[in-house]
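The hints should help you fit chain B onto chain A, whose structure is shown.
Number of protein chains: 2
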Amino acid sequence: MAASAPSSSGNEPDPNSTNLRPPGSSYDAWCGVAHGCSRKLGMKICGFLQKNNNLEEKISSFKERSSKDLLDNSDRDSRFRRTETDFSNLFARDLLPAKNGEEPTMQFLLEVVDILTNYVRKTFDRSTKVLDFHHPHQLLEGMEGFNLELSDQPESLEQILVDCRDTLKYGVRTGHPRFFNQLSTGLDIIGLSGEWLTSTANTNMFTYEIAPVFVLMEQLTLKKMREIIGWPDGEGDGIFSPGGAISNMYSVMIARYKFFPEVKTKGMTAAPRLVLFTSEHVSLIQHSFPQQNRLHIQSHGVCLQGCVPMFVNATAGSTVYGAFDPIHEIADICEKYNMWLHVDGAWGGGLLMSRKHRHKLCGVERANSVTWNPHKMMGVPLQCSAILVRERGVLSGCNSMCAGYLFQPDKQYDVSYDTGDKAIQCGRHVDIFKFWLMWKAKGTIGFEQHIDKCLDLSHYLYTKIKGRKGYQMVFDGEPQHTNVCFWYLPPGIRDMPDGQEKREKLHKVAPKIKALMMESGTTMVGYQPQGDKVNFFRMVISNPAATRSDIDFLTDEIERLGQDL
Amino acid sequence: MAASAPSSSGNEPDPNSTNLRPPGSSYDAWCGVAHGCSRKLGMKICGFLQKNNNLEEKISSFKERSSKDLLDNSDRDSRFRRTETDFSNLFARDLLPAKNGEEPTMQFLLEVVDILTNYVRKTFDRSTKVLDFHHPHQLLEGMEGFNLELSDQPESLEQILVDCRDTLKYGVRTGHPRFFNQLSTGLDIIGLSGEWLTSTANTNMFTYEIAPVFVLMEQLTLKKMREIIGWPDGEGDGIFSPGGAISNMYSVMIARYKFFPEVKTKGMTAAPRLVLFTSEHVSLIQHSFPQQNRLHIQSHGVCLQGCVPMFVNATAGSTVYGAFDPIHEIADICEKYNMWLHVDGAWGGGLLMSRKHRHKLCGVERANSVTWNPHKMMGVPLQCSAILVRERGVLSGCNSMCAGYLFQPDKQYDVSYDTGDKAIQCGRHVDIFKFWLMWKAKGTIGFEQHIDKCLDLSHYLYTKIKGRKGYQMVFDGEPQHTNVCFWYLPPGIRDMPDGQEKREKLHKVAPKIKALMMESGTTMVGYQPQGDKVNFFRMVISNPAATRSDIDFLTDEIERLGQDL
Chain A
845 MAASAPSSSG NEPDPNSTNL RPPGSSYDAW CGVAHGCSRK LGMKICGFLQ
895 KNNNLEEKIS SFKERSSKDL LDNSDRDSRF RRTETDFSNL FARDLLPAKN
945 GEEPTMQFLL EVVDILTNYV RKTFDRSTKV LDFHHPHQLL EGMEGFNLEL
995 SDQPESLEQI LVDCRDTLKY GVRTGHPRFF NQLSTGLDII GLSGEWLTST
1045 ANTNMFTYEI APVFVLMEQL TLKKMREIIG WPDGEGDGIF SPGGAISNMY
1095 SVMIARYKFF PEVKTKGMTA APRLVLFTSE HVSLIQHSFP QQNRLHIQSH
1145 GVCLQGCVPM FVNATAGSTV YGAFDPIHEI ADICEKYNMW LHVDGAWGGG
1195 LLMSRKHRHK LCGVERANSV TWNPHKMMGV PLQCSAILVR ERGVLSGCNS
1245 MCAGYLFQPD KQYDVSYDTG DKAIQCGRHV DIFKFWLMWK AKGTIGFEQH
1295 IDKCLDLSHY LYTKIKGRKG YQMVFDGEPQ HTNVCFWYLP PGIRDMPDGQ
1345 EKREKLHKVA PKIKALMMES GTTMVGYQPQ GDKVNFFRMV ISNPAATRSD
1395 IDFLTDEIER LGQDL
Chain B
845 MAASAPSSSG NEPDPNSTNL RPPGSSYDAW CGVAHGCSRK LGMKICGFLQ
895 KNNNLEEKIS SFKERSSKDL LDNSDRDSRF RRTETDFSNL FARDLLPAKN
945 GEEPTMQFLL EVVDILTNYV RKTFDRSTKV LDFHHPHQLL EGMEGFNLEL
995 SDQPESLEQI LVDCRDTLKY GVRTGHPRFF NQLSTGLDII GLSGEWLTST
1045 ANTNMFTYEI APVFVLMEQL TLKKMREIIG WPDGEGDGIF SPGGAISNMY
1095 SVMIARYKFF PEVKTKGMTA APRLVLFTSE HVSLIQHSFP QQNRLHIQSH
1145 GVCLQGCVPM FVNATAGSTV YGAFDPIHEI ADICEKYNMW LHVDGAWGGG
1195 LLMSRKHRHK LCGVERANSV TWNPHKMMGV PLQCSAILVR ERGVLSGCNS
1245 MCAGYLFQPD KQYDVSYDTG DKAIQCGRHV DIFKFWLMWK AKGTIGFEQH
1295 IDKCLDLSHY LYTKIKGRKG YQMVFDGEPQ HTNVCFWYLP PGIRDMPDGQ
1345 EKREKLHKVA PKIKALMMES GTTMVGYQPQ GDKVNFFRMV ISNPAATRSD
1395 IDFLTDEIER LGQDL
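Protein sequence lines correspond, in order, to chains A and B.
Here the first sequence is numbered in our numbering, starting from 845 and rising by one per residue.
Here the second sequence is numbered in our numbering, starting from 845 and rising by one per residue.
One chain only, chain A, in its complex shape (with noise of 0.2 Å):
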């Protein structure tokens, strides 16, 4: 036996636990009676013991430093230069793994994380800017003290430390009250802190064997999502993906399968020519499927001469004006002509969560297959996507290899919970436990009420400039999502009469607003123009930070920047 080898004698301290004292202390023994108590008692007591074990720990160290810093003033120079530490003749070789690395290593995460909160706190701060806008060329030139270039020699720890605060400095706050430019947008804490504990642990969702608390998260929320959609007990299967376009190409990929199971095979000659239909304004299925055998749905019934309809996509929640398709009436033709029903919920999935909205998505039960990001409406740090479907085995069916380097069948535990054949990818990286853990923190209550509270804010906005001088809406009616689009028209072009004219310098409104905005760093939202609509500002609101009085900062900062256009 190698000596090396810890002792796994069940009296020792757990080498994998944190926070424990040496064996014999009170907290040790107490917890040790703790642990023979029912599971939720017995963890009250341990936390509790916990707590207050950490709280001596810091007490003691406390009283050290005390009793130094008042009793020994001339010295303190000298002793803050031996704690503080001088990163500017360290370099990364000194780290961990390096020996006596650990200081060194404590002491440098510790300064990173002091410019991550500095930066946290000035983030949720209106005082501080948006971003601190400059052009590539400027930011390609180096600024002060940043230089994005790569050399062959190392760089020493402090400027490895300057070069994390200029990230930071010259990026864009998307988690800041005022960032509306995003689907995406906002910076939650406790996701934050699974993101955090995600890198530490580094690992893959590829087998349970090095994965195996996240393989069974992702498990549970998974089941827990197809409850929410309303199939039956949660039945069915899934996988967490890279993406919405991703998602909506393993639904395009099984949808396939399922049907014409040889094309893994034998590929695409051993099926008739496909046929796809999705709605007009729907970005994210496009990549899977070529422009020509796209279909846009008010378009369907026309035939293609020896075409196979294979596939709707129904979207539930559009990039642009956050429109649900009638998903009901589209279950309806798909049941009748065989075809395999997709929602893509991507951006508007999050609405199931809310009792209010989710009559929104009504007939979603229906589908063969999901695509919902959680990185979207529900706040989630990107990234954080699922495909949801509801057949078992036709996903592992679709993408398995069964190769023998990837998975051994004579492992000593459960292999099904191996999630590997079923995923396109090899490295998987884990994208569940931030999730999972807002999940934990929020309740599903709390999804709920921050998706209320979004609807709610656009629908402020939408009231707010419905009838509000200078506004234009861009479709009628409410919106369905927090998608709020519409036209700002400057004094100087709002009596103009209509025409090609007035539509030209419309057009070059919202382009002249951005930048403006982008430039004074005090906002950022999104415009585009729409098939034969001139560009439109597109107010999206998914920022849990968001109030109303940010609202009206909006607008209030687009009638100033737009002034005098």
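There's no promise every hint is true.
Chain copies aren't distinguished; within one or between two, either way the pair holds.
[As the list claims (entries may be wrong)] With a Cα cut of at most 27 Å, we get these calculated DSSO-like pairs of lysine-lysine:
| id | residue 1 | residue 2 |
| --- | --- | --- |
| 1 | K1356 | K1297 |
| 2 | K1255 | K1346 |
| 3 | K1013 | K1068 |
| 4 | K1068 | K1102 |
| 5 | K1356 | K1377 |
| 6 | K1067 | K1013 |
| 7 | K1013 | K943 |
Read the hints as simulated data drawn from the structure, not as lab findings.
Frame of chain A, contents of chain B only:
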């Protein structure tokens, strides 16, 4: 103008910078002077001033605490109760952006960091176990205080902290010096810091507008990688993707687009039946092409009637054996028959950083595209994979949709920096920062040293066990990569005559030893069968924490656990 818009007057402190003191302090005055100096000097002065600035702050904060501590001993408990946060009555809703949420947010994040830094310390401590194995049903039934189920109601932050501790406790320490189970191992402290920052920034690689710094870092890093591949002036294109399988999928898509661009709009009917050649032992290319249309390299020359050979995948570092295909010879064939040459260097690409080992990829500069995963051999945290393309423009030609609602050509900056139209994804996670930061911190030579060290270690293992009693190598000769594949024959099997019985017994040895290893938690190494070869161990070394003593530990452990099988 909105009352709350921050002033943009030049004399005010920059609200985006951290750690600045109020104006008028000597720090600011001096920093102003420093900014007038040359870039390098100014930066150094500023760094020095900023450090001392922090130091002064820390001194006064300690002063405050110290005097309270010593001068008011009787009140200590109540004071500690005030600074010590009781998380049992706090919930996610009490954190930022909640009113008065700043203090609990900071306290909570610091508690999380305390858990994480403890975990990091233990990870590198050889007296800590690699894992604390439990079966799926055990974790699902719930360990003490650790319940994976999600509920409608929120849990307290105290419980959330317990959940974080338990998640790590029951997980696998992939950075442990004795974790050899995957191609991705290790816990790089700079990479970890980079991931923490990335998740704090929580943005998306889609446009320059929302990820200015990261987009430029990606561009510069890809150029550097292309230079290292050997493409003239580092010209070409590329993108970071969620993993090697998706990078390889990109290569197949762009090759198909290059030869048959109409596939993009008309689908596979616009192309003849395409054939792809790949080496036998490759995993990552599998999902992009139907099985029947994949031919193994050794059978090239075979002609399938009506098929067009289009694409050859040369593997640079196969998953199990770490074998490198002869790229020059394959490139000759590709040139002769006008086929796309892709080099899958997901695992072996890192060797390009080593002057000693890069000859194994000799000819890689003749490839049309290269997959290279820094998250494997280079120790970058998962996920970090690049697809590099020699010809500029073909990546966006293949994937662009030019959707007005995604990209606005009338933005104020040079929109050629927007990356989204190259990608098959919309939301794309920031995978670049940790890699860029590691490169800064280690330099090219740091990666080289890491790679040379890992290959030295595998050489050490190979020479150690090659002639050793009880060991048998799976393939002849020195391994090309760090993959060392071997059988361990317990004493009871060693002297059996060759034949089916011995094969059957030997087939069960590796799974049994692996199961015992996991149960004792001391180390982890992979095994698998391959073709007609029964289960063997595949040792791979990418872990920067591993030393010769850990290699010795592994063989000792295999012998200890396999002794009586």
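Results for each hint:
1. K1356 - K1297: neither (30 Å within a copy, 55 Å between copies)
2. K1255 - K1346: between (71 Å within a copy, 20 Å between copies)
3. K1013 - K1068: Classified as between: cross-chain Cα gap 24 Å, same-chain 39 Å, threshold 27 Å.
4. K1068 - K1102: Answer is within; shortest intra-copy Cα gap is 25 Å, inter-copy 44 Å.
5. K1356 - K1377: within (17 Å within a copy, 67 Å between copies)
6. K1067 - K1013: Between copies only: 24 Å across chains, 41 Å inside a chain, cut-off 27 Å.
7. K1013 - K943: between (34 Å within a copy, 25 Å between copies)
The earlier numbered hint that this structure contradicts is number 1, and it is the only one.
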